[in-house]
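Participant: So the chains spell out like this:
Protein chains: 2
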Amino acid sequence: MGAAKGRTQADLFAERQREISVSEFFSKNRHLLGFDNPKKALMTAVKEAVDNSLDACEEAGILPEVWVDLSAVDGREDRFLVSVTDNGPGIAKSQVAKIFGKLLYGSKFHRLKQSRGQQGIGISAAGMYGLLTTGKSTRILSRTSPTMPAKYYEVQMDTRKNEPLILAEQEIEWRDHTGTQVQIVLEGVFQRGRQSVDEYLYQTAMANPHVTIHYRAPDRKKKEWIRATEEMPPEPREIKPHPYGVELGVLIRMLKDTKSRTLAGFLKEEFSRVSPKVAREICDGARLYVNARPKRIAHREVEALYKSVNDTRIMRPPTDCLSPIGAEAIEESLKRLDPEFVAAVTRPPEVYRGNPFQIEVGVAYGIKNADLDTPVQLMRFANKVPLLYQRGGCATTQAVTETAWRSYGLSQSRGSLPYGPAVITVHMASVWVPFTSESKEAVAHYPEIIKEIRLGLQECGRKLSIHLSRKKKAREVLRKRTYIERYLPHVVIGLREVLGFGEAESARLMNNLQEILGSPPPGIGDDEEETAGTGSLEDDTENAGDDEPRATNKREIA
Amino acid sequence: MGAAKGRTQADLFAERQREISVSEFFSKNRHLLGFDNPKKALMTAVKEAVDNSLDACEEAGILPEVWVDLSAVDGREDRFLVSVTDNGPGIAKSQVAKIFGKLLYGSKFHRLKQSRGQQGIGISAAGMYGLLTTGKSTRILSRTSPTMPAKYYEVQMDTRKNEPLILAEQEIEWRDHTGTQVQIVLEGVFQRGRQSVDEYLYQTAMANPHVTIHYRAPDRKKKEWIRATEEMPPEPREIKPHPYGVELGVLIRMLKDTKSRTLAGFLKEEFSRVSPKVAREICDGARLYVNARPKRIAHREVEALYKSVNDTRIMRPPTDCLSPIGAEAIEESLKRLDPEFVAAVTRPPEVYRGNPFQIEVGVAYGIKNADLDTPVQLMRFANKVPLLYQRGGCATTQAVTETAWRSYGLSQSRGSLPYGPAVITVHMASVWVPFTSESKEAVAHYPEIIKEIRLGLQECGRKLSIHLSRKKKAREVLRKRTYIERYLPHVVIGLREVLGFGEAESARLMNNLQEILGSPPPGIGDDEEETAGTGSLEDDTENAGDDEPRATNKREIA
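Chain order of the listed sequences is A and B. Sequential numbering of the first sequence, starting at 2, is according to the working numbering. Sequential numbering of the second sequence, starting at 2, is according to the working numbering.
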């Protein structure tokens, strides 16, 4: 069939095979990178630029200050200039083109250290999206030293090759200190509210109290979030992979590639937490010599080595590669919402697939003006970046819905978020956050991660429960007091009749009884209004039951 | 800060920047490709191999026959040899290594034509996963002609470079006709039931009635699906992109790259459905000369051209690039489930973002032994491939849950799948199925697509509704008949008493009345059992109401 002149069908088909560049792939599959629709595209572009700015500042030890400016282009409602400026270290000339004009290029993928970016896709994808939808280049301003002039670049991506093109490059007058400015023109839709640029910036400020953000929206309205602390978060350190996280195939390749000349040396050099003693144990377990040449180890032997690694007790990976927000900072951020109660917890670091991670949970309750009959607001963060999309597909959401909030005093339907005037924040910090997609919107469902989140939620939940039951008790006491006080005169009348007291004696008795009752605990009266406000969280039947006898008694006495 | 000897921080950071290969990216993010966990990994590997086999056979005009063999390796329960063999055209020597050892390599990405594979990732990702988890190479057997010897290859991927390594290559004795065999050893978990290899193969056979599949599971149990038709589906043709689907940035690049020397020529050459007349209209609309040199068109002019393209009435794209299953074939497949009713519809082709697509819907109702109190079974297909995961995130699911099934006689809670002993199948055929992830598990929520699915569901729903109401009516008639027959003797007794009939006259009267009543419509009696079975779909209160007077009448007569 069609195999003329000795050529087979397979030969004919062979001619059609071609390499696909990763940028061709992602430009056809842009929804994978968060550019599904114009509204989300605008938010994603801002997010990628701001995340990069914050990473760069922190790595350079600079307290980050970021200016975000969105403006309509040519008065159109579907095209925006996104401009993000920072006070970071600037970007070296040799790197500008690749960072902004090439997908899968960056410094964060190959190392194990907490950072916002990890894949080397974000900002170049934003530029690619801008180019595709408006034909405009990405413009970059960068100053890397106060003693050297700033430079201006125009960069485009050649999507067929995933290689950058530099269209312009020149020295330029720009400010007197270091920093970077990125400008992208793209098709977008500007909206405020849920999943907007505004929400992203607001939540970013919440999770990064050391950051100052200046924001100007397309309607030229300004907003600012000024840093709440001058203290930089501790700079996370880079670590080596932990032996428990390595896979057989990777181990085989590492053994081939290593410069170490002995197996024990290899284990100590390439992994974290492998002491000479541990290295010996691993080798013994695999029946291999500590001095064996790594390159000479046969496939069967590597399998034994792999097994031995996982059978040997090895210390957990170091955790200075992580930089949590801190329970105190989370509480401070939540207090800005003006709640009646806050609690936050930073869990001890844990490990999934050899990757250290750490969970932080915060709860703010009794937020004024919050709707009582809606689910609590869940804010999700990964490496201090807000996650605004795909809430349903996120491990954090699963952990929150699986937690038994009724036992902490919140109402909840099975498998849903709890209800109430509350905000719950969950932060996962890790050297490698397992996102469910490249657009980094949801955390994958690793049992280890879900368990940690749940423990954090429970810790906060218990504190919330104490607060709520104290509140309930105080309300109860107040109600009983009011109750007794109301009938005290009747009691006195009764006693007077039975014992034949005079007016004066009755008055003294009344005073004495009131004294015994004591004055109401301070503040309870002030609480009354809020108490009423949280009524829907209580067990209504119980209240209804309590009301009944009161009405009956009244009638009996009257 | 750290800027010793004239080197800036930016220079220091520059040294850490590196290119990331797409295979490094995906090996760290393997859940994006469907290798989240060992059970899914096994299914995904089989799926990728079988999809490739079917595509290759159909392109070569060969009725596909596929052998799938899973076997445990070294008696382990977590390691399997996946072997998939086909009777396709084989693979040319020059292509074997890249097809199996390089991600983003293939013939299907750059063309517009319906096929199962589209990204050039699947089978090489399966091999990469096997290598990572077991260290074993992918083994390939291929014969491209009965007159040439078969060849055997062992291929691995160098994930750091995304380049293939050939470890072995030799001629070998293997069968006498063309074909390909792929063998991958990987870490997996074998289970039957939902989302298993079994389900994938079963649904594949349903959507591809021209395919024969032989399957042997790790427990050595065999199963076969023999083709129901010898007729090949029409081979889809490749088309050019439609002007409505092009983006500004792409248009700019195309103008730069084209070999056409005039603008009108460019439009006619590079796009489908652009006649000389349409080309002139587009140029006029943009105030550009038809003879303008494409490479000389300025940015502003391209914007005008882009606008004009979208303002011009252009015929829909050709649809011979699509190959639907066909309503008849879908009905035949559904009949294998032994239902009391089937209906299927193939919708006319439609367009989203310039891409032609076509929706097919099938409904089978009254499946024996199906659970009444569970949601209907929804089978989703994209380009004849079953989609087993991420049902919740799929456009097809949204369309089914949004359809008002109550009006067609099925019970349904708001926003849920309808209930009943039924199967609903939805197939989307397109030159480019917009999947929500590279693992190709769910169709993205394009309004045009959801609308078409809904129209298809409604068409089938109306037919189902006629069937169900006919059935209800028939049951009603039967019930009334039974009712009258039961009381006929009493009527005759009454008449006899009133009119003073003798025994003989009474018998004749009885006969006459029975004759007037007529014999029951054929088949109604047979239905009785099933009718009872579908009772839960009926309005129970109505039935209860009807029962009441019967009981009362009885008492009155007795």
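No lab work stands behind these hints, which were simulated from the structure alone. One or more of the hints may lead you astray.
Stated by the list, open to error - Calculated from the model, a selection of chain A residues having no Cβ within reach of chain B, i.e. all distances over 12 angstroms:
hint, residue
1, 62
2, 105
3, 109
4, 251
5, 337
6, 464
7, 481
To be verified - Using C-beta positions, here's what the derived DEER-type ranges look like:
hint, chain 1, residue 1, chain 2, residue 2, range
8, B, 299, A, 177, 32 to 40 angstroms
9, B, 225, A, 203, 53 to 61 angstroms
10, A, 166, B, 215, 29 to 37 angstroms
11, A, 227, B, 112, 49 to 57 angstroms
12, B, 447, A, 13, 49 to 57 angstroms
13, B, 150, A, 448, 46 to 54 angstroms
14, B, 369, A, 258, 54 to 62 angstroms
15, A, 13, B, 168, 49 to 57 angstroms
As the list claims (entries may be wrong) - Chain A regions said to be covered by chain B (calculated; three or more residues, Cβ under 8 angstroms):
hint, segment
16, 126-137
17, 427-437
Every value quoted in this text rests on a predicted model; they were computed, and no experiment measured them. Ideal Cβ placement from N, Cα and C applies to all residues, glycine included.
Participant: Does each hint hold? Answer for all of them.
Facilitator: Quick rundown of the hints versus the structure:
1. 62: With a cut-off of 12 angstroms, residue 62 of chain A comes too close to chain B, as the shortest Cβ separation is near 6 angstroms.
2. 105: violated (4 angstroms)
3. 109: Residue 109 of chain A is in fact no farther than 12 angstroms from some Cβ atom of chain B, at 9 angstroms.
4. 251: violated (7 angstroms)
5. 337: holds (31 angstroms)
6. 464: The claim stands: residue 464 of chain A keeps its Cβ more than 12 angstroms from every Cβ of chain B (closest is about 34 angstroms).
7. 481: holds (45 angstroms)
8. B:299 to A:177: 32 to 40 angstroms: For residue 299 of chain B and residue 177 of chain A the Cβ distance comes to about 37 angstroms; the hint holds.
9. B:225 to A:203: 53 to 61 angstroms: At roughly 60 angstroms between Cβ atoms, residue 203 of chain A and residue 225 of chain B fall inside 53 to 61 angstroms, so the hint holds.
10. A:166 to B:215: 29 to 37 angstroms: violated (52 angstroms)
11. A:227 to B:112: 49 to 57 angstroms: holds (55 angstroms)
12. B:447 to A:13: 49 to 57 angstroms: violated (34 angstroms)
13. B:150 to A:448: 46 to 54 angstroms: holds (50 angstroms)
14. B:369 to A:258: 54 to 62 angstroms: holds (60 angstroms)
15. A:13 to B:168: 49 to 57 angstroms: violated (28 angstroms)
16. 126-137: With 5 residues in contact (Cβ-Cβ under 8 angstroms with chain B), the coverage given for the segment 126-137 of chain A holds.
17. 427-437: holds (count 4)
This entry does not satisfy hints 1, 2, 3, 4, 10, 12 and 15, going by the numbered hints stated previously.
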